[in-house]
Each structure stands twice: as C-alpha cells, then as structure tokens.
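Asker: Residue 123 in our numbering is what sits at position 21 of the sequence shown, and the numbering runs on without skipping anything.
Hint data in this document are derived by calculation from the structure and do not stem from the laboratory.
Every residue, glycine too, gets a C-beta built ideally from N, C-alpha and C.
Treat the hints with caution; some may be incorrect.
[Claimed, not checked] The calculated DSSO-like cross-link candidates involving lysine-lysine, where the alpha carbons are at most 30 Å apart (straight line), are:
hint: 1; residue 1: 128; residue 2: 176
hint: 2; residue 1: 158; residue 2: 211
hint: 3; residue 1: 211; residue 2: 176
hint: 4; residue 1: 132; residue 2: 158
hint: 5; residue 1: 158; residue 2: 128
hint: 6; residue 1: 117; residue 2: 128
hint: 7; residue 1: 210; residue 2: 158
hint: 8; residue 1: 125; residue 2: 158
hint: 9; residue 1: 176; residue 2: 125
hint: 10; residue 1: 117; residue 2: 132
hint: 11; residue 1: 176; residue 2: 214
hint: 12; residue 1: 132; residue 2: 176
hint: 13; residue 1: 158; residue 2: 176
hint: 14; residue 1: 210; residue 2: 176
hint: 15; residue 1: 117; residue 2: 158
[To be verified] Distance windows between CB atoms, simulated:
hint: 16; residue 1: 121; residue 2: 157; range: 15 to 25 Å
hint: 17; residue 1: 215; residue 2: 122; range: 28 to 38 Å
hint: 18; residue 1: 123; residue 2: 181; range: 13 to 23 Å
hint: 19; residue 1: 155; residue 2: 175; range: 18 to 28 Å
hint: 20; residue 1: 118; residue 2: 195; range: 13 to 23 Å
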Amino acid sequence: LYQSTRYLHISVQAKRYIRVARKQHKAISKRHLAGNPSATPLLKILQVEALALTSKTVDEISQALDECIDLQQKEGLVHLEGVANEQASHILEGFMSDSSFAYLDAAKKVYKRKW
Numbered sequence: 103l104y105q106s107t108r109y110l111h112i113s114v115q116a117k118r119y120i121r122v123a124r125k126q127h128k129a130i131s132k133r134h135l136a137g138n139p140s141a142t143p144l145l146k147i148l149q150v151e152a153l154a155l156t157s158k159t160v161d162e163i164s165q166a167l168d169e170c171i172d173l174q175q176k177e178g179l180v181h182l183e184g185v186a187n188e189q190a191s192h193i194l195e196g197f198m199s200d201s202s203f204a205y206l207d208a209a210k211k212v213y214k215r216k217w
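Construct all of the structure, not just a fragment, from the sequences and the given hints.
Answerer: This is the structure in structure tokens:
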C-alpha cells in the first residue's frame with residue numbers, strides 16, 4: 103500500500119508540473135509569435151523539455167538537446183547555454199545515459215569560463 107501511494111503521489115506531482123509547464127509554454131509562445139526575439143531561446147528550452155516528456159528515444163532527445171545548446175551559443179546567451187547543458191544532463195540522467203556527465207561538465211565550464 104505504501105508503494106502504491108508513493109507512486110500516486112509522484113504522478114500527481116508530474117501532472118502539476120506538466121500543467122505549469124504548459125502554461126509557461128503558452129505564455130512564451132505568445133511572446134514569440136508577437137515578435138519578441140528574447141522568447142525564442144526560452145521557447146526552445148521548453149520544447150526540448152516537452153519532447154523529453156513525450157519521446158522515448160534517446161537519439162531524438164539528444165539531437166534536440168544539441169540543437170538547443172547550439173542556439174544558445176549562437177545567440178551568445180551564456181546563462182541559458184548553461185541552463186540548457188544542465189537540462190540535458192538531467193534529462194539524459196533519467197535515461198541512464200553516460201553522456202549526462204559530459205553535459206554537466208559542459209555547464210560547469212560555461213559558467214566558469216564565460217560568466
């Protein structure tokens with residue numbers, strides 16, 4: 103009974119998280135469609151996060167994560183580049199991927215070197 107209640111609690115937290123994430127995604131999408139250039143990098147981060155929640159293939163998620171990090175580098179947004187690397191680390195850690203440590207190291211280097 104304890105374990106079933108524990109899993110129920112996790113699923114409720116996940117539902118709350120998804121609800122809040124959808125609201126944020128909608129708000130940032132509106133800003134992006136209105137022509138706000140600073141909304142694009144944030145929108146890309148949220149899109150990768152949504153893909154990670156729905157997709158089960160690590161290759162597809164890794165490709166999207168790399169595109170997101172490249173966009174942050176191209177735009178010169180150091181803090182978002184670090185956030186994207188951290189996000190990649192956490193997402194791939196859930197898939198038991200060895201590359202999650204590389205992304206975490208990259209985030210540390212970005213924060214130390216560029217910021």
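Asker: For every hint, state whether the structure bears it out.
Answerer: Okay, the hints, checked on the actual structure:
no.: 1; hint: 128 / 176; in the structure: holds (24 Å)
no.: 2; hint: 158 / 211; in the structure: holds (29 Å)
no.: 3; hint: 211 / 176; in the structure: holds (17 Å)
no.: 4; hint: 132 / 158; in the structure: holds (28 Å)
no.: 5; hint: 158 / 128; in the structure: holds (24 Å)
no.: 6; hint: 117 / 128; in the structure: holds (16 Å)
no.: 7; hint: 210 / 158; in the structure: holds (27 Å)
no.: 8; hint: 125 / 158; in the structure: holds (23 Å)
no.: 9; hint: 176 / 125; in the structure: holds (27 Å)
no.: 10; hint: 117 / 132; in the structure: holds (23 Å)
no.: 11; hint: 176 / 214; in the structure: holds (19 Å)
no.: 12; hint: 132 / 176; in the structure: holds (23 Å)
no.: 13; hint: 158 / 176; in the structure: holds (28 Å)
no.: 14; hint: 210 / 176; in the structure: holds (18 Å)
no.: 15; hint: 117 / 158; in the structure: holds (18 Å)
no.: 16; hint: 121 / 157: 15 to 25 Å; in the structure: holds (20 Å)
no.: 17; hint: 215 / 122: 28 to 38 Å; in the structure: holds (32 Å)
no.: 18; hint: 123 / 181: 13 to 23 Å; in the structure: holds (20 Å)
no.: 19; hint: 155 / 175: 18 to 28 Å; in the structure: holds (24 Å)
no.: 20; hint: 118 / 195: 13 to 23 Å; in the structure: holds (21 Å)
Figure legend: structure checked against the earlier numbered hints; every hint is met.
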